[in-house]
Every structure is written in C-alpha cells, then in structure tokens.
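Novice: Chain by chain, the residues:
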Amino acid sequence: MDPLIKAQDLRKFFPFRKGLFGREMVLKAVDGVSLEVAENRVLGVVGESGSGKSTLARMVTALDRPTSGDVLFRGKSVFSMDRHELKQFRRAVQIIFQDPFASLNPRATVFDTIAEPIRIHRLAEKKDIEQKVAGLLKDVGLGMEILRRYPHEFSGGQRQRICIARALAVSPRLIVADEPLSALDVSIQAQILNILSDLKKRDRISFLFISHDLRVVEYLSDEVAVMYLGKVVERSGAEGLFEKPLHPYTVGLFASVPAIKAREMGAPFDEKMEEKVEKAAPKGDIPSPIDIPPGCPFHPRCPKRFSPCDKAIPQLMEPAGQPGRLVACHLWN
Amino acid sequence: MSVKSLVWRRFKKNRLALAGLAVIAALILIAIFAPHIAPYSPTGIDVNHVLSPPSWRHPFGTDELGRDVLTRMLLGSRVSLSVGFIAMGIAVLIGTLVGSLAGFYGGKVDSVLMRFVDIMLAFPSFVLILAVIAIVPPSIFIIMAVIGVTGWMDVARLVRAEFLTLKHRDFVLASKSAGAGSMRLIFREILPNALSPVFVAATFGVAGAILTESALSFLGLGVQPPNPSWGNILASGKDNIETAWWLSLYPGLAILITVLSYNLVGEGLRDALDPRLWETERYETGEDGQ
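Same order as they appear, the protein sequences are chains A and B. Using numbering that gives the first Met the number 0, read the first sequence as starting at 0 and increasing by one per residue. Using numbering that gives the first Met the number 0, read the second sequence as starting at 0 and increasing by one per residue.
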C-alpha cells in the first residue's frame with residue numbers, strides 16, 4: 000500500500016545574487032530529502048535552525064514548489080494534481096506553524112478563521128457551522144465565548160489552540176506541524192503537546208512533526224529523521240534512535256538532552272555532566288546553507304572525522320548489523 | 000474588542016486629527032443641507048448690491064453680479080466634497096484592483112501592470128486633465144472621473160507592496176492550505192490587511208482632489224458658471240481683488256480649512272492604523288489573554 004505521504008528526493012534551491020554585480024549563488028535549503036509518513040504514524044523531523052525543516056514542511060503541504068523531486072499523496076504527485084484532486088489533498092493535509100501570532104488573520108474573528116475551511120469544503124450546512132466550530136474549540140480546550148473575538152486578544156497558547164482547531168476543521172489525515180511549540184512557554188508547551196498526542200490516539204491522525212526539541216520528538220514520534228543542512232543524515236524508528244544514535248551529529252544532539260532536562264527540573268549544577276555534554280555536543284555553529292562544506296556537510300564539526308569525510312558525500316544507507324535504520328556517515332558504511 | 004475600536008481609541012488621542020474630523024463632519028452636514036440653510040438663491044442677481052462688503056444682510060458680501068457669496072459657498076461645498084470623495088473612490092477602486100493583481104500574481108502580470116503604472120506616472124496629470132477637458136465638455140462627472148483615473152497609481156503601488164509581503168505570511172499560507180482559491184485569498188485574507196495604508200492615502204488623496212477641482216474651476220475648466228464652486232468664486236475674486244477682498248478670502252479659507260482637515264485626519268489615521276503600535280497597547284491595558 001502506498002504511504003499516506005511520500006517525499007521523493009526533494010530539493011529546494013534559492014538562487015540569488017549578492018549585490019548588483021556579485022556572482023550568482025545558490026542557497027540549498029533542502030537538498031535531496033526522501034521520507035514517508037504512513038497512516039496513523041508520527042514522523043519526527045529534528046534539526047537545528049537552518050537545516051531546511053520549514054522549507055520541507057511547505058513543500059510537503061504543496062504550499063511551495065520544489066526545485067526538483069516530488070511529493071506523493073497516496074501514490075499521486077501533488078504537483079500534477081487537477082483542481083479537484085488538489086482540493087481533496089488540502090482536505091487531508093493541514094499545517095500548523097511555529098508562530099501563532101503570524102498564522103491567524105488579524106482581521107478575522109475566531110469564528111471566521113475556523114469556519115473558513117468548513118465553508119470552502121462545504122462540510123456543514125450553514126446553520127450547523129457554528130455548532131461545528133464550537134465542537135472544534137472544545138476539542139482544543141477552548142470555550143465558545145471566544146467566537147466573536149479577534150486574534151490580538153489571545154495569548155500565544157490560545158492562538159496555537161485556535162490554529163489547531165482550524166487544522167482539525169477538515170478532519171485531516173495528516174498534520175504537518177512546523178515547530179508548533181517553540182514559540183510558547185514551557186508550561187503551555189505541555190498542554191499543546193497533550194492535545195496533539197490525544198489527536199493521534201483519538202482521531203488516528205498522522206503527523207509530520209518538526210522540532211528542534213528532542214524530548215518532544217521522543218514523546219510523540221514513531222520514527223525520526225535527523226536533518227542537517229538540507230539533508231537527512233539519519234533515519235530510524237524512534238526507540239532505536241533514542242537508545243543508540245548512530246550518526247555523530249545525532250549523538251551530539253542527544254548528549255545535551257539530559258543536562259537540559261536536569262537544568263529545567265532545577266537540578267544543582269553538575270560539573271561532570273556539563274563536561275560530558277561539552278565534549279559530545281557539536282562544536283561551533285551550523286554552517287550557512289549558502290556555503291555548504293564539501294564532502295560530508297557535518298565534517299568540520301564532527302569529533303570522529305577521518306580521511307574520506309571532507310571528500311566524498313556519504314549516502315543514506317543501511318549500516319551493517321543495524322537493520323531497519325539508515326545513516327549517512329562514512330563511519331558506518 | 001475589534002480592530003475598529005482599537006483604531007478609534009488610538010485616533011481619539013490625536014486632538015488635531017479629531018478637530019479635522021469634526022470640521023469634515025460639519026462640512027458634510029452643510030453640503031447635505033445647503034439648499035435649506037442658504038439664505039438666498041445662488042443665482043439670484045441683485046443689481047442694487049453689486050460687490051457689497053460683508054454685512055448682516057450678506058455675511059460674506061456679494062459678488063460682481065450682486066449674488067450672495069455665503070449662499071454660493073454653501074452650495075459650492077457640495078462640489079468640493081463630492082468631487083473629493085468620488086474622484087478618490089474611483090482612484091482607490093482602480094488602484095486596489097491593479098495593485099492586488101500585480102502583487103498577488105507577481106511575475107509577468109506584475110511587470111506589465113507596474114510598467115503601465117510607470118507610464119501613467121510619467122504623464123503630468125494636470126496637463127492630461129486639461130487635455131481631456133479640452134476634448135469633452137467639462138461637467139462635474141467628467142471632472143470626477145478624470146481626477147480619479149489619473150490619481151490611482153499611488154494606491155496601486157501601496158497595495159502591491161502590501162500584497163508582496165502579506166502573501167507569504169503564515170495566515171495566508173494556512174488559508175491556502177485550507178483549500179482557499181485565489182479570489183478568497185485576495186479578497187478575504189490579504190486585502191482587508193492591506194487596506195490601512197490605502198485609507199491613509201485616500202484621505203490625503205481627497206484633499207488633493209479637492210485642490211485639483213478648485214484649480215480647474217479657477218482656470219474656468221471645472222464647474223461652469225453660473226453653478227457655484229469654491230474654485231470659480233475664487234476666480235471671480237481675482238478680477239476684483241483690489242476692491243472686493245471678501246470674494247477671494249472666504250473661498251480661499253474654505254479650501255484651506257477643508258484640505259488641512261483632511262490632511263490632519265490622514266495623519267491621525269496613519270498613526271492609529273500602524274499595527275506595530277497595537278501590541279504595546281494590548282499590554283498597557285492589561286488585555287492579555289491568559
């Protein structure tokens with residue numbers, strides 16, 4: 000059976016020119032990403048900012064055309080769909096954005112915002128729309144007294160709930176969530192995370208869940224793809240990945256988790272742990288996607304680099320003795 | 000609280016803009032009820048009182064045919080205000096349409112439309128107006144149409160610029176993801192958020208249109224005598240400026256005050272509609288949600 004959604008070798012390049020007479024350069028935001036999400040599964044996508052996660056989200060939801068590659072929805076290319084098919088696709092796939100302040104129309108009431116998809120797809124009789132909207136608000140923990148209010152009257156957490164209610168209005172099969180928590184306070188993050196996880200269980204919705212927060216991804220995901228500079232460097236079932244990360248970049252990302260967790264829980268400063276984190280965490284900053292290093296894009300920051308790393312680009316393949324996992328690293332090939 | 004009431008709350012704080020709004024409101028009332036409050040007939044000639052200075056009988060004096068200047072100015076206000084509104088209405092309509100299409104579709108559509116805007120801007124519009132009026136007989140409707148058709152380019156540019164940034168905003172993408180078509184995206188999602196600068200430009204534009212109409216009438220190309228307009232009263236004043244100052248002063252002041260009021264309201268609106276100032280307002284008044 001075809002997966003619900005499948006990205007095939009997606010690339011998105013932004014050509015630009017520095018200054019009037021500068022040479023033409025290319026920003027490679029996404030560079031050859033393939034992944035699938037099956038029905039009722041959650042694929043977490045992890046990576047630092049600048050790794051191309053948001054661009055990927057916009058292509059998977061057909062809001063942006065890729066430079067090359069394709070997105071297949073139940074086996075059919077979304078970029079060659081006719082009007083009717085595209086409308087069906089829009090009904091099945093929804094997106095939630097990072098910034099809930101930017102993702103609601105400031106001139107529309109909560110009712111108008113949530114009723115819009117219902118009206119577009121004619122999902123309810125006119126007289127039943129209000130009832131349906133109230134039901135959606137209830138699902139995200141909001142009351143119907145807010146129907147006539149405007150986005151600027153709400154806090155970030157409330158707005159994100161409204162965004163989720165809008166996404167749910169069409170009863171989607173897949174929600175692409177692009178860092179839905181990172182603009183929110185920690186206490187609110189947990190509430191929103193619970194809503195999303197309930198949706199997965201109750202409505203059997205699939206998620207493409209993009210985040211830089213590994214703990215959130217661990218909590219929600221069945222599978223995880225780790226992105227670095229527009230490429231997937233490791234893909235695996237969530238359990239295996241969190242038990243034994245293979246790519247040195249993933250290892251580095253994970254090393255910082257317990258320390259952050261401990262710090263947030265208010266644990267006293269632990270010198271040994273801090274030292275361990277310091278050693279494993281990727282050194283320096285992520286390079287600019289305009290100027291991607293030759294060979295393995297991670298090699299300048301990699302603690303385990305050896306001779307082939309700055310020459311050959313490692314391919315994503317199954318390492319020996321690790322069935323079902325994929326990693327793009329010379330250490331494992 | 001709606002966006003409208005927020006804008007009004009900010010607008011209220013600007014005393015000058017509020018005064019301008021009051022003057023415009025008064026002028027609109029005067030224009031509506033002009034025939035009822037005017038003491039004389041605007042075309043009633045009184046050969047015994049030619050060019051008489053302001054007095055209790057004629058508060059603004061009389062003109063070279065003995066007609067009451069106050070009466071003619073009251074009725075002339077109808078011309079100025081309606082030309083201002085309707086000309087600007089036409090300009091806003093054309094400008095919004097052109098700007099929306101150019102900004103939303105981009106690419107070739109944008110190039111073609113914006114080159115057309117450049118061509119229109121390269122025309123000295125006053126000369127263009129004069130040329131049109133030289134061909135077709137001047138009537139108030141022709142004047143409105145011509146001022147509108149030559150004055151939409153600024154609006155088009157403003158609307159296009161707003162569309163260029165708004166069309167990539169998350170709320171527009173969210174609506175697209177919900178299945179919204181181009182028309183819904185343009186008119187329901189983007190346009191309502193692109194109108195703030197248009198309101199401001201339109202307010203200033205009304206002032207400009209009033210000035211243009213006065214200038215045309217002053218040159219004898221606008222409203223034709225014996226119908227009164229502030230511009231043609233002013234024109235008759237220039238022939239008698241040494242003996243009858245009231246013929247120039249009062250219509251001149253009326254134009255000045257009206258244009259000034261519109262400009263003050265425009266500036267007040269510009270400040271009140273600036274969405275960057277809303278967020279701070281929200282926290283100041285403690286209306287944060289949770």
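No lab work stands behind these hints, which were simulated from the structure alone. Just so we're clear, the structure is a prediction, and the values are computed from it rather than from any experiment. Be a bit skeptical, because a hint or two may be false.
Here's a subset of chain B near chain A, in silico, CB distances under 10 Å, partners left out [said to hold, decoys possible]:
1. Leu5
2. Trp7
3. Ala121
4. Ala130
5. Ala133
6. Pro136
7. Pro137
8. Arg168
9. Leu172
10. Ser174
11. Lys175
12. Ser176
13. Arg187
14. Glu188
15. Pro191
16. Asp270
Ideal Cβ positions, reconstructed from N, Cα and C, are used throughout, including at glycine.
Novice: Work down the list of hints and note, for each, if the structure agrees.
Specialist: Taking the hints in turn, this is what the structure says about them:
1. Leu5: holds, 8 Å
2. Trp7: violated, 14 Å
3. Ala121: violated, 24 Å
4. Ala130: violated, 39 Å
5. Ala133: violated, 44 Å
6. Pro136: violated, 44 Å
7. Pro137: violated, 41 Å
8. Arg168: holds, 6 Å
9. Leu172: holds, 5 Å
10. Ser174: At about 6 Å, which falls below the 10 Å cut-off, the nearest Cβ of chain A leaves the hint on B/Ser174 intact, so it holds.
11. Lys175: holds, 6 Å
12. Ser176: Nearest chain A Cβ about 5 Å off; hint holds.
13. Arg187: holds, 8 Å
14. Glu188: It holds, given that the least Cβ distance between B/Glu188 and chain A is near 6 Å, below 10 Å.
15. Pro191: Given a least distance of 4 Å, the restraint on B/Pro191 holds.
16. Asp270: Hint violated; B/Asp270 Cβ to chain A Cβ min 18 Å, cut 10 Å.
Against the hints set out earlier in the document, violations occur for numbers 2, 3, 4, 5, 6, 7 and 16.
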